[in-house]
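Protein chains: 4
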Amino acid sequence: MSDNETTINELKQAIKKFRDDRDWQKYHTPKNLAESISIEAAELLEKFQWKSEEEIDELLNDPTYKSEVKEELADVFNYCLALSIALDIDLSEALLEKVKLNSEKYPVEKSKGEYKKYSKL
Amino acid sequence: MSDNETTINELKQAIKKFRDDRDWQKYHTPKNLAESISIEAAELLEKFQWKSEEEIDELLNDPTYKSEVKEELADVFNYCLALSIALDIDLSEALLEKVKLNSEKYPVEKSKGEYKKYSKL
Amino acid sequence: MSDNETTINELKQAIKKFRDDRDWQKYHTPKNLAESISIEAAELLEKFQWKSEEEIDELLNDPTYKSEVKEELADVFNYCLALSIALDIDLSEALLEKVKLNSEKYPVEKSKGEYKKYSKL
Amino acid sequence: MSDNETTINELKQAIKKFRDDRDWQKYHTPKNLAESISIEAAELLEKFQWKSEEEIDELLNDPTYKSEVKEELADVFNYCLALSIALDIDLSEALLEKVKLNSEKYPVEKSKGEYKKYSKL
Chain A
1 MSDNETTINE
11 LKQAIKKFRD
21 DRDWQKYHTP
31 KNLAESISIE
41 AAELLEKFQW
51 KSEEEIDELL
61 NDPTYKSEVK
71 EELADVFNYC
81 LALSIALDID
91 LSEALLEKVK
101 LNSEKYPVEK
111 SKGEYKKYSK
121 L
Chain B
1 MSDNETTINE
11 LKQAIKKFRD
21 DRDWQKYHTP
31 KNLAESISIE
41 AAELLEKFQW
51 KSEEEIDELL
61 NDPTYKSEVK
71 EELADVFNYC
81 LALSIALDID
91 LSEALLEKVK
101 LNSEKYPVEK
111 SKGEYKKYSK
121 L
Chain C
1 MSDNETTINE
11 LKQAIKKFRD
21 DRDWQKYHTP
31 KNLAESISIE
41 AAELLEKFQW
51 KSEEEIDELL
61 NDPTYKSEVK
71 EELADVFNYC
81 LALSIALDID
91 LSEALLEKVK
101 LNSEKYPVEK
111 SKGEYKKYSK
121 L
Chain D
1 MSDNETTINE
11 LKQAIKKFRD
21 DRDWQKYHTP
31 KNLAESISIE
41 AAELLEKFQW
51 KSEEEIDELL
61 NDPTYKSEVK
71 EELADVFNYC
81 LALSIALDID
91 LSEALLEKVK
101 LNSEKYPVEK
111 SKGEYKKYSK
121 L
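Residue numbers (our numbering), protein chains in the order written: chain A, 1 to 121; chain B, 1 to 121; chain C, 1 to 121; chain D, 1 to 121.
No lab work stands behind these hints: they were computed from the structure.
You may find that some hints are simply not true.
Given that identical chains are not distinguished, each listed pair holds provided it fits within a single copy or across any two copies.
[To be verified] When the alpha-carbon atoms are kept at most 30 Å apart in a straight line, the in silico DSS-like pairs for lysine-lysine are as follows:
| # | residue 1 | residue 2 |
| --- | --- | --- |
| 1 | K16 | K26 |
| 2 | K51 | K17 |
| 3 | K66 | K105 |
| 4 | K112 | K100 |
| 5 | K31 | K16 |
In this text, all values refer to a predicted model and were calculated from it rather than measured experimentally.
Required output: the full structure, derived from the provided sequences and hints.
Put into structure tokens, the structure is as follows:
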């Protein structure tokens, strides 16, 4: 399976099955899952801590390091999916709506190349 | 578009177009994006700050509140996709590999209902 | 030394000596230190992840657990001090000014017992 | 009052008075306070988001920006103090113990100038 062919729903099903096989629904409250997203986000950030952009680019050539980064990103994504399941949120719809809002907030002609001036995105 | 039919790649395309239309690739470094995931994760957590699980369940009946939560979750997901683009990571593969690893780490027979004992997941 | 007698400046001196003995000033940039505060804050939060308030209260009777929490809190405080050194910020002044601002924002008569209504604090 | 003369205990007293005047003890649970530390840490990090070290150094010459950073740092410190009160932790002792542990973990002769190699600190 790859990003080319995998739907969000297929990934949700995998997360849901893992959770339900273990009877862990009770732990998947919104507050717990939001905490877990924050905790995993920090573990991802830790991979880049104290390192310059150049050092990170260099390190990313190392398959072990790259694979650790990939795993941390997967953990954040995992809990995003779990929260969207718990709250019955359509993640594709939520994302595309947000991109639309951002497109209006940062019109191309005004934002082109001027990231910081017009945006915190 | 909905989670039923939308592939990860379609969402990646939307994020990529938004970024490239504005010439913002240069800001999408791994460190910047990991920082942004952490920042957005905290904004999501803030929706639940100081509130009990019961108060949150009650609040989620309010469409305005629900929609704010949805937007914050979309922001986190947005930067997860952006980082997977920047690092050329297949997010579906990364997620399904992680679910597989977790399934081995927390075998059903040992973990059933016993979340905290066997797991930090 | 204890909180009764130790000044912020004495703690700053200890942090500064540790840093300078190792020639680590160059790593103590504002961005690096803010990232580190976020990372350590998440490690502190991880001590409470998946646990109810009641379970946490129970666990805090265990000296090993209590000591782990104490260490994580010390890590966050450590980097707060390091950032205040790097930016030449008087932390006592900053804190007392903020308490003053908060006192005006949440007047006692309006906020008494009504935390969530008047405050995100 | 300044860092030169202010003890941790004096700052704790200010935080405690603010909390108790409003009957907000009930909200100051370990989990709530750890969440709040994470949330405020992310707001601090947001001041540096998308910016290079050079841009940040430049911005810090602007008193308004500097004062915003100071306020965000005060918010993190505020909740660190609040958690140390809630858990009856001596913050000076915790910090100095941690510095001692770190000094043993990263001996000067091995760590001098070699931050990343021997340390995640």
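Hints and how they fare:
1. K16 - K26: Within one copy, since 13 Å is at most 30 Å while 35 Å is not.
2. K51 - K17: between (38 Å within a copy, 22 Å between copies)
3. K66 - K105: between (34 Å within a copy, 22 Å between copies)
4. K112 - K100: Within one copy, since 16 Å is at most 30 Å while 42 Å is not.
5. K31 - K16: Answer is both: 18 Å inside a copy and 26 Å across each meet the 30 Å cutoff.
Violated hints for the displayed structure: none, as all numbered hints are satisfied.
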